[in-house]
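Quick mapping for you: the protein sequence lines, in order, are chains H and W. Count the first sequence with our numbering and you get residues 2 to 408, in order. Count the second sequence with our numbering and you get residues 2 to 408, in order.
There may be inaccurate statements among the hints.
Since the list gives no way to pick one copy over another, a pair counts as held whenever it fits inside one copy or between any two copies.
[Claimed, not checked] List time: in silico DSS-like cross-link candidates among lysine-lysine, alpha-carbon distance up to 25 Å:
| id | residue 1 | residue 2 |
| --- | --- | --- |
| 1 | K401 | K344 |
| 2 | K58 | K25 |
| 3 | K291 | K58 |
| 4 | K365 | K68 |
| 5 | K291 | K27 |
| 6 | K401 | K291 |
| 7 | K204 | K150 |
| 8 | K68 | K293 |
| 9 | K270 | K25 |
| 10 | K401 | K27 |
| 11 | K68 | K347 |
| 12 | K365 | K25 |
| 13 | K150 | K252 |
| 14 | K270 | K126 |
I should point out that these hints are in silico values taken from the structure, not numbers from a laboratory. Keep in mind the model is a prediction, meaning the values are calculated, not measured.
Number of protein chains: 2
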Amino acid sequence: MKVIAGGVTAAEGFAAASCEANIKYKNRTDMAMVYSKEPCVCAGTFTSNVVKAACVKWDMQVVSSGKLLQAVVINSGIANAATGAEGFAACEATAKAVETALQVPYEQVAVASTGVIGMQLPVEKLTAGVQKMSNTLSDSIEAGTDASKAIMTTDTVNKEVAVTFELGGKKVTLGGMSKGSGMIHPNMCTMLAFLTTDAAIEKQLLQEATSAVVADTFNMITVDGDTSTNDTLLVMANGLAGNPVITEKDKDYETFVEALRYVCETLAKKMAADGEGASKLFEATVVNAKSKEDAKTLARAIVGSNLSKAAIFGCDANFGRFLCAMGYSGAVFDETDVELFFKSEKGTLQVFDHGTPLAFDEEKALSIMQSSAVTVYADMHEGDGNATAWGCDLTYDYVKINADYRS
Amino acid sequence: MKVIAGGVTAAEGFAAASCEANIKYKNRTDMAMVYSKEPCVCAGTFTSNVVKAACVKWDMQVVSSGKLLQAVVINSGIANAATGAEGFAACEATAKAVETALQVPYEQVAVASTGVIGMQLPVEKLTAGVQKMSNTLSDSIEAGTDASKAIMTTDTVNKEVAVTFELGGKKVTLGGMSKGSGMIHPNMCTMLAFLTTDAAIEKQLLQEATSAVVADTFNMITVDGDTSTNDTLLVMANGLAGNPVITEKDKDYETFVEALRYVCETLAKKMAADGEGASKLFEATVVNAKSKEDAKTLARAIVGSNLSKAAIFGCDANFGRFLCAMGYSGAVFDETDVELFFKSEKGTLQVFDHGTPLAFDEEKALSIMQSSAVTVYADMHEGDGNATAWGCDLTYDYVKINADYRS
Numbered sequence: 002m003k004v005i006a007g008g009v010t011a012a013e014g015f016a017a018a019s020c021e022a023n024i025k026y027k028n029r030t031d032m033a034m035v036y037s038k039e040p041c042v043c044a045g046t047f048t049s050n051v052v053k054a055a056c057v058k059w060d061m062q063v064v065s066s067g068k069l070l071q072a073v074v075i076n077s078g079i080a081n082a083a084t085g086a087e088g089f090a091a092c093e094a095t096a097k098a099v100e101t102a103l104q105v106p107y108e109q110v111a112v113a114s115t116g117v118i119g120m121q122l123p124v125e126k127l128t129a130g131v132q133k134m135s136n137t138l139s140d141s142i143e144a145g146t147d148a149s150k151a152i153m154t155t156d157t158v159n160k161e162v163a164v165t166f167e168l169g170g171k172k173v174t175l176g177g178m179s180k181g182s183g184m185i186h187p188n189m190c191t192m193l194a195f196l197t198t199d200a201a202i203e204k205q206l207l208q209e210a211t212s213a214v215v216a217d218t219f220n221m222i223t224v225d226g227d228t229s230t231n232d233t234l235l236v237m238a239n240g241l242a243g244n245p246v247i248t249e250k251d252k253d254y255e256t257f258v259e260a261l262r263y264v265c266e267t268l269a270k271k272m273a274a275d276g277e278g279a280s281k282l283f284e285a286t287v288v289n290a291k292s293k294e295d296a297k298t299l300a301r302a303i304v305g306s307n308l309s310k311a312a313i314f315g316c317d318a319n320f321g322r323f324l325c326a327m328g329y330s331g332a333v334f335d336e337t338d339v340e341l342f343f344k345s346e347k348g349t350l351q352v353f354d355h356g357t358p359l360a361f362d363e364e365k366a367l368s369i370m371q372s373s374a375v376t377v378y379a380d381m382h383e384g385d386g387n388a389t390a391w392g393c394d395l396t397y398d399y400v401k402i403n404a405d406y407r408s
Numbered sequence: 002m003k004v005i006a007g008g009v010t011a012a013e014g015f016a017a018a019s020c021e022a023n024i025k026y027k028n029r030t031d032m033a034m035v036y037s038k039e040p041c042v043c044a045g046t047f048t049s050n051v052v053k054a055a056c057v058k059w060d061m062q063v064v065s066s067g068k069l070l071q072a073v074v075i076n077s078g079i080a081n082a083a084t085g086a087e088g089f090a091a092c093e094a095t096a097k098a099v100e101t102a103l104q105v106p107y108e109q110v111a112v113a114s115t116g117v118i119g120m121q122l123p124v125e126k127l128t129a130g131v132q133k134m135s136n137t138l139s140d141s142i143e144a145g146t147d148a149s150k151a152i153m154t155t156d157t158v159n160k161e162v163a164v165t166f167e168l169g170g171k172k173v174t175l176g177g178m179s180k181g182s183g184m185i186h187p188n189m190c191t192m193l194a195f196l197t198t199d200a201a202i203e204k205q206l207l208q209e210a211t212s213a214v215v216a217d218t219f220n221m222i223t224v225d226g227d228t229s230t231n232d233t234l235l236v237m238a239n240g241l242a243g244n245p246v247i248t249e250k251d252k253d254y255e256t257f258v259e260a261l262r263y264v265c266e267t268l269a270k271k272m273a274a275d276g277e278g279a280s281k282l283f284e285a286t287v288v289n290a291k292s293k294e295d296a297k298t299l300a301r302a303i304v305g306s307n308l309s310k311a312a313i314f315g316c317d318a319n320f321g322r323f324l325c326a327m328g329y330s331g332a333v334f335d336e337t338d339v340e341l342f343f344k345s346e347k348g349t350l351q352v353f354d355h356g357t358p359l360a361f362d363e364e365k366a367l368s369i370m371q372s373s374a375v376t377v378y379a380d381m382h383e384g385d386g387n388a389t390a391w392g393c394d395l396t397y398d399y400v401k402i403n404a405d406y407r408s
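Isolated chain H, as found in the complex (with noise of 0.2 Å):
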């Protein structure tokens, strides 16, 4: 597997635009399509939201239905939930539109939203700008990163990636673009993401492929605890790699099932390391916990607790918070069989040893604590069930953000 540049575009057949649809940002593109120019097959992880957006609810239907997909329309200025028979209305209303200037049938349409909930969309801005969009679909690596861009609302950087690999002697793409980055909590997925790839693949496997890693990496990453309306993943398979079609759990699977991971965990990584505010990466590494539902419990409370949050970004070795978050994370433990380290790419600390606090050289606690990434890793010494999860910390500008953000 090789790492290439690009997103979204990088894989045989796709095609994607971007623009300005003035929707709620001003002077900045807000609205993106992808386009493949063959039916792909699909794949989707939604919300597990009982709220859910009204684009979400057709997405679902797109996925569930068997049918094909050819086209994805995002807008990143309302988030279309909350909005009643209407905001289903705008759904069909772009999808539609999409079928009249690419001739896409509109049921091979999903669509995906982010942004203010409880506003309506204004369809007429929104359709012009898929007209706009269909003239100017291009399958440019520029063309995909420039959709990175318009899907992002408090993001402080775009994030796509693509890797290359081999199935069946042909090479195979698969790219990706997402974005954060509040209101993400791991229940499903989180916020949006967009994966295409020329493998072809069968679509029952690609749903199971994509839950799975779904499961270990964007369902693993938080940044406020609120899981959105709007959580969508969709991935789309268009078959142009001419590899010999994935209908079993064989070899070919296993190794796209890797390429998805990692694309999955790369996008997942950097949402979390650009959440809301935040000023580093958190990550929390739990082994050897009597299963790996436990350490994924536990994994997630760590880098879940507003006080541990806060300590990261204070920079301060203050493990007793992270401890009691793992203390009420619903996983059970004796504290004395517990090993407590942090690390970073400055060190190792040990600083909790069975459950007694171990003394420790707090100069190298602040150089770990200072790096740009720090990770708190347990070793529960209970089983054998491993679990990394990822946040970011919680900082001034996280509630500056969030305090005024509708207006």
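Dock chain W against chain H, hints included.
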């Protein structure tokens, strides 16, 4: 029932003391003692965190042993959590110092701690503090107030309340004190609270009343979603009011529960409003949910959401965030059943009506959101379950306090 001045010394036969023990803070009191001249029937609720502070383990033993309780010693410098066998020995040493000074059997002494996790207590300072306080016990109102100040950490105001009521023709008094104000999230009870009463009541009924009331009061507040290792609530009842002992769930029991509920709710709301960095009280009332459990889940999700809390701080009537939090709470509902309102002393404003957002007067919204106490009110129209939860806004000061708490 009548609200009177005072706290833990209001009831007959109770005295309190406090002192500067220099455990962590300088130039302020950081130890307190509550003492009853007669041994007390007692009840308690404790943190559900699996990492329990040594003092929590000690007190659980005192309460469950069926022994009487005569004194509680509290320090507000070091939590005595994650401290292994040495931490538990510190509890015993403290209790034995009380036995020496006041001839109270050490098994009838409770201990409580709050502060930094993962540090050992200085036992000599603790026992010296016990000695000092044993000589200065007083049943004055002021002594109780001073004790409520000595147990503060990042609290900005002390918290106490007392009421009198009548049982079997006798005047009975119930008072209490508590402290917040971070690492606060409903799960058993929250941080430290000590209640004293001269009512005569059987131990098992006292525990039942306490557990039921805590579930609706202390367990319905949240500051930051972090359930502490040290949460402890203790109720001491010495029987000196001379009322006929409450031995069944009769009218006297109900009167006592009503007083207990008032005292607990008052302390809980004071803790929520004084949450770390808080600028206002944030209340969520959910009515007509499918069940009381659902109503509680929904109300707690609303006041627990970082995004909701930041919107309350920013006076932003961004109702989508509250609806989103309800959606991921775990309670299942249909958004087309829901009505949402903002309320304060400034009035009531409906913002969402059975699945559809309402256009509303932004000026009126701002005036409501700028109040010192703001309520989000949700009518689910799906059953008869009602609940209220209390929290506070998320502010720059929360981050400031916690980025740098240990040093």
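Each hint, compared with the structure:
Taking the closest pair of Cα atoms, K401 and K344 come within 25 Å of each other only across two copies (24 Å); inside a single copy the shortest separation is 29 Å, beyond that limit. In this assembly of identical chains, the alpha carbons of K58 and K25 lie at most 25 Å apart only when taken from the same copy (23 Å versus 55 Å across copies). In this assembly of identical chains, the alpha carbons of K291 and K58 lie at most 25 Å apart only when taken from different copies (24 Å versus 37 Å within one copy). For a Cα distance limit of 25 Å, the shortest separation of K365 from K68 qualifies neither inside one copy, at 56 Å, nor across copies, at 48 Å.
In this homomeric assembly, K291 and K27 never come within 25 Å of each other (Cα to Cα): the closest approach is 52 Å inside a single copy and 44 Å across copies. For a Cα distance limit of 25 Å, the shortest separation of K401 from K291 qualifies neither inside one copy, at 40 Å, nor across copies, at 36 Å. In this homomeric assembly, K204 and K150 never come within 25 Å of each other (Cα to Cα): the closest approach is 29 Å inside a single copy and 64 Å across copies. Proximity of K68 to K293 under the C-alpha cut-off of 25 Å is found in neither arrangement, the shortest distances being 35 Å within a copy and 42 Å between copies.
When the C-alpha separation of K270 and K25 is checked against a cutoff of 25 Å, the pair qualifies neither within a copy, at 27 Å, nor between copies, at 39 Å. For the homomeric pair K401 and K27, the shortest alpha-carbon distance inside one copy (21 Å) is at most 25 Å, but the shortest distance between copies (33 Å) is not. In this homomeric assembly, K68 and K347 never come within 25 Å of each other (Cα to Cα): the closest approach is 51 Å inside a single copy and 53 Å across copies. When the C-alpha separation of K365 and K25 is checked against a cutoff of 25 Å, the pair qualifies only between copies, where the shortest distance is 24 Å, while the shortest distance within a copy is 46 Å.
For a Cα distance limit of 25 Å, the shortest separation of K150 from K252 qualifies neither inside one copy, at 35 Å, nor across copies, at 67 Å. In this homomeric assembly, K270 and K126 never come within 25 Å of each other (Cα to Cα): the closest approach is 33 Å inside a single copy and 47 Å across copies.
This entry does not satisfy hints 4, 5, 6, 7, 8, 9, 11, 13 and 14, going by the numbered hints stated previously.
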